[in-house]
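Let the sequences and hints guide you as you build the complete structure.
Residues per chain are reported as follows:
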Amino acid sequence: LRSVKILGLLLVVALINSQFAFAQTGEIEYREFSKVFPLFGDKVTSRVAIWVVAQLHLYLAAFVLAVPMFALIIEFIGFATKDKKYDKLAYEFTKLLSVSFSLTATFGAILTFMLFILYPKFGGYLSSVFGPSFFWYLLLFFGEAGFLYTYYYGWGKFSPKVHLLLGLGLNIVGTAIMFIANGWVTFMTSPAGIDEAGQVISVVEAIMNYTWMPINIHRLIANVAFGGAIAAAYGAYKFLGAKTDEQRAYYDWMGYIGNFIAIVAFLPLPFAGYWLGKEIYAYSQNLGMTLMGGGFSWLFIIQAILIGMLFLSANLYLWLGMGRIPGAERFRGFIKYLLIVIMICFAVWATPSSILATPEESSLMGGTQHPVFKFLGVMSAKNTAVNVLILTTYISFLLYRRGNKQAVANPNQSHSLPQFVVLSLSIGFSLWMAYYSWALPEFAFSSEATVPTSALYLSYIGTVAFVLVAIFMASMFVSAKSENSQGTVSWVHFGNSLQFLIFVSAIAYVVFIGIYGYLVPTRIRIEMSVPQVISVIVTMFLVTLIDILMFRGAKITGGIKWGKMRAISQYCLFFTAITFTWLMGLMGYVRSGLRQHWHVYGVIRDTSPDAYTPTLGYASSVVSVTVMIFFVLVAFVFWLASLSGKKNFDETAPKEIRM
Amino acid sequence: VKKLSAIVLMLLLATFVSWGLRTLLPNNLELFITILIYVLFAVPVWGYFPESTRVPLIILVFTAQVTLFYNYVGQLVPQSVIYPPEDVKIGADMTTEQMVEAGRKLYEGKGTCLNCHGTGARFPDLVDIGQLARTRISGYTDVEYFSESLYEPDKFIVEPFAPGMPPVHKPPIGLTHEEILTVIAYLQSLGGTPTVTMKTELKYHDEPISAPVVAVASEDEEDQTGEQLVAAYGCLGCHSFDSPDRMLGPSLYDIGSRMNKAEIYESLMEPDEVIAEGYPPGVMGATLTAMGFYDKVTTKQLKTMVDYLMSLKGDNGT
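Sequences listed follow chains A and B, in order.
Position 159 of the first sequence, counted from 1, bears residue number 591 in the numbering used here, the numbering being contiguous throughout.
Position 230 of the second sequence, counted from 1, bears residue number 219 in the numbering used here, the numbering being contiguous throughout.
Incorrect hints may have been included.
The calculated lysine-lysine pairs, modelled on DSSO-like cross-linking and capped at a C-alpha distance of 30 Å, are [unchecked claim]:
1. A:K996 <-> A:K520
2. A:K1078 <-> B:K(-8)
3. A:K520 <-> A:K837
4. A:K675 <-> A:K1078
5. A:K996 <-> A:K837
6. A:K514 <-> A:K996
7. B:K159 <-> B:K192
8. A:K675 <-> A:K516
9. B:K99 <-> A:K710
10. B:K302 <-> B:K285
11. A:K710 <-> B:K144
12. A:K806 <-> A:K520
13. A:K993 <-> A:K768
14. A:K589 <-> A:K514
15. B:K144 <-> B:K192
16. A:K1079 <-> B:K(-8)
17. A:K517 <-> A:K675
18. A:K1078 <-> A:K996
19. A:K710 <-> B:K159
20. A:K675 <-> B:K302
21. B:K(-8) <-> A:K675
Just a sample of chain B residues kept apart from chain A, beta carbon distances all over 12 Å, derived [stated by the list, open to error]:
22. V6
23. L10
24. D82
25. E133
26. T184
27. V219
28. P239
29. R247
30. N249
31. E255
32. L257
For the record, the hints were derived by calculation from the structure and aren't laboratory data.
Being a predicted model, the structure only gives us computed values, none of them experimental.
Backbone N, C-alpha and C fix where the C-beta goes; we use that ideal spot for every residue, glycine too.
As structure tokens, this is what we get:
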């Protein structure tokens, strides 16, 4: 709790300092970091200093907010299934929390200090707008400290239900803290609640600005993905240093769970990102164009490479994981095809729309765009690639899941629930289709641009039609199964064929929309990404539904041999964690750098010597340094967490026992 | 001691080799290859490292190499620095050529026009706009068309594009009237002949420019006069200060002879305590709250305003 007290004290001092700075606005706008902290010489400017500290604070905060989420879910699974293994895992995750929380608070205090020391005028302005919310933030912070330490130290000391409630409280307070801080950050990009002179009219409006909710959702999901990846890396670290098979089995399982959480949370992330991008465009076309079409457009190529790498490592981990599942070898033949598809999609996704070329090369190509590959560098191709990538990764997971299962029919099974689900879905989607048939033509055909907008209409209708056919297929499976409950082979083949058909039609539909996207204007193309995504989500949902029904009561061909994993698989987990961290740093840069020479876009101009937007190479270097510092801190957290399991020091014991 | 010496020796060797090779290594990959050299030299003495340090060491090297790989990717893409727009000097006696040149600089810099125009897909390409501007809206001259497009961009949208351009005299662009004249000169020059001069009057010239600069109550604002403050806080919207005419609220032109300082202070801070006859209660309080008056006003400003109001004695006083 000491760190909390220190933070509280520091924040109060910072607030007083901010008022002091506020009063001095006419005199000092900026202070140079090299003069305040001469330790690093001129190499570290004020901007870099605050950039690194803010990013480190964000990394740690993301971890501290994410771990309680899945710790609570895992604890709940343990509570519901009465399996102690889950409870132990949840506790193991929670052990990482207490030191991380102190570090987060420390970096938060450093960040606050640096903001008011290095940017007194801007810091003063932020506190003049958000002053009231600071106190709520502090209050919640104390609340979080209370919940967190009671949750951690109270493990096994309360009744399970009370303990679960404590975990729930911890999550609610943590999320509320993030939402408030997000208000400050997003205000800088899309200010609201102020008049033309920048004076605050409504603090609530200033917090709930245009990009607030998209960032909230984006960060919430991304935190889970990031936290899962770091927790998986902890599992990997313990696995590699494990002495016994039992330890290896346990930490292999821990790594698997962490990675599973990371990947599941990662899949919807691009869509949350699209929403954020859409809101940025809606707030200011100028900002939107700077983001996607201006100096930052190449940043998204770097992002594509990082995400491609994430998909590759996620798939590789699953394929390696099949090695510990007896019976999974029958699927090994599929891996090469999956790899080919992933590589093609990766290549498409990382293709830039224009290419760096010498004047001779440019004249040969007839411009900076390659005559063929330029078609792969646009949104239509990239959206298609990422949707197929998601489906491919999902297939890898499906094969992994089926590894040791052999479907058998269980004549006693009741199908009323699945039938009900399928029936409800059918009715729901029929109504949806009816709505589109009725509502869309009105705006699709009445405006002047009939052809492109009708494309949107057709693509929506196409999705709904696809979904209906897919549901129809799923319902055929459900009814076929119940009628044919004595057989074992017929419906398994039938179910597999249906799943295959749904996959093929989804991919065909995704590719069709991708190609259609070339024929319509940008606005329609962006809108058309929605039906594309819907078809992918529906596919995953229905195929999972069929799979669960098909493998309910399945014959297990052998238990998973946890711990029988090659060491390289654990490096996959590290790779995923490092990639996530680097990606987060990069996207943090673009979110903030997007404002270019503004502290608060359109309200307070950055007039410091650092007002320019640096090169992407420079930004990459800063991100890399930050990532390395973060992992040194993570190593410290891991080491501290592992101390708790060690025996107490005993001076009288012989040396070999002491060690 | 032997094991430690061997490790130190190999470390020194690795340092020596990487130092010797440093000029040969490509800049972006220098660190990446240096780490590889250390790894290479660590292999023969790997068995000498204490067992508990081996796994963390491998993980550390792995983390550094993956990070450096992504850093390398970051160096491969085009590198450009974007500087804040430079100020363009505008003079009242600029020639047309000078205006076009200044307008071009603003178009590419502070005006941020190039962000959206010229890329083709999302907003109109302005390559022949000097010619097209005369025909876009019937009855409009090209200057009228340009000024409307810049000051009120949503008023007329070119098909099939969607609205989205901000008024250029407001933040975040915040061009001055003079700067806008030079931008019009530049736009006219794109496929046409510039006719606009620095003396051209646009119908928008009475509109206030909101300069996108700071925002905090500065020393200057603290030093504002009472007259400036009642204007800034919108009092003029409901009260008359120079005649006994009734507006939404009672006239204040003789308030100094009707009230004392304490009453004026009370009327400002708690307007519903005493209501002038014939006026609805609650209006002033709600208006001032909505405008954020009570959050913004400082003690010094309040004193200045009260002093100013006290000085208003009506026809008898002045």
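Results for each hint:
{"no.": "1", "hint": "A:K996 <-> A:K520", "verdict": "holds, 21 Å"}
{"no.": "2", "hint": "A:K1078 <-> B:K(-8)", "verdict": "holds, 28 Å"}
{"no.": "3", "hint": "A:K520 <-> A:K837", "verdict": "holds, 27 Å"}
{"no.": "4", "hint": "A:K675 <-> A:K1078", "verdict": "holds, 13 Å"}
{"no.": "5", "hint": "A:K996 <-> A:K837", "verdict": "holds, 19 Å"}
{"no.": "6", "hint": "A:K514 <-> A:K996", "verdict": "holds, 26 Å"}
{"no.": "7", "hint": "B:K159 <-> B:K192", "verdict": "holds, 16 Å"}
{"no.": "8", "hint": "A:K675 <-> A:K516", "verdict": "holds, 22 Å"}
{"no.": "9", "hint": "B:K99 <-> A:K710", "verdict": "holds, 24 Å"}
{"no.": "10", "hint": "B:K302 <-> B:K285", "verdict": "holds, 28 Å"}
{"no.": "11", "hint": "A:K710 <-> B:K144", "verdict": "holds, 23 Å"}
{"no.": "12", "hint": "A:K806 <-> A:K520", "verdict": "violated, 52 Å"}
{"no.": "13", "hint": "A:K993 <-> A:K768", "verdict": "holds, 24 Å"}
{"no.": "14", "hint": "A:K589 <-> A:K514", "verdict": "holds, 17 Å"}
{"no.": "15", "hint": "B:K144 <-> B:K192", "verdict": "holds, 15 Å"}
{"no.": "16", "hint": "A:K1079 <-> B:K(-8)", "verdict": "holds, 29 Å"}
{"no.": "17", "hint": "A:K517 <-> A:K675", "verdict": "holds, 19 Å"}
{"no.": "18", "hint": "A:K1078 <-> A:K996", "verdict": "holds, 25 Å"}
{"no.": "19", "hint": "A:K710 <-> B:K159", "verdict": "holds, 23 Å"}
{"no.": "20", "hint": "A:K675 <-> B:K302", "verdict": "violated, 93 Å"}
{"no.": "21", "hint": "B:K(-8) <-> A:K675", "verdict": "holds, 24 Å"}
{"no.": "22", "hint": "V6", "verdict": "holds, 23 Å"}
{"no.": "23", "hint": "L10", "verdict": "holds, 21 Å"}
{"no.": "24", "hint": "D82", "verdict": "holds, 29 Å"}
{"no.": "25", "hint": "E133", "verdict": "holds, 24 Å"}
{"no.": "26", "hint": "T184", "verdict": "holds, 29 Å"}
{"no.": "27", "hint": "V219", "verdict": "holds, 16 Å"}
{"no.": "28", "hint": "P239", "verdict": "holds, 26 Å"}
{"no.": "29", "hint": "R247", "verdict": "holds, 31 Å"}
{"no.": "30", "hint": "N249", "verdict": "holds, 30 Å"}
{"no.": "31", "hint": "E255", "verdict": "holds, 24 Å"}
{"no.": "32", "hint": "L257", "verdict": "holds, 18 Å"}
When held up to the earlier numbered hints, the structure conflicts with 12, 20 and fits the remainder.
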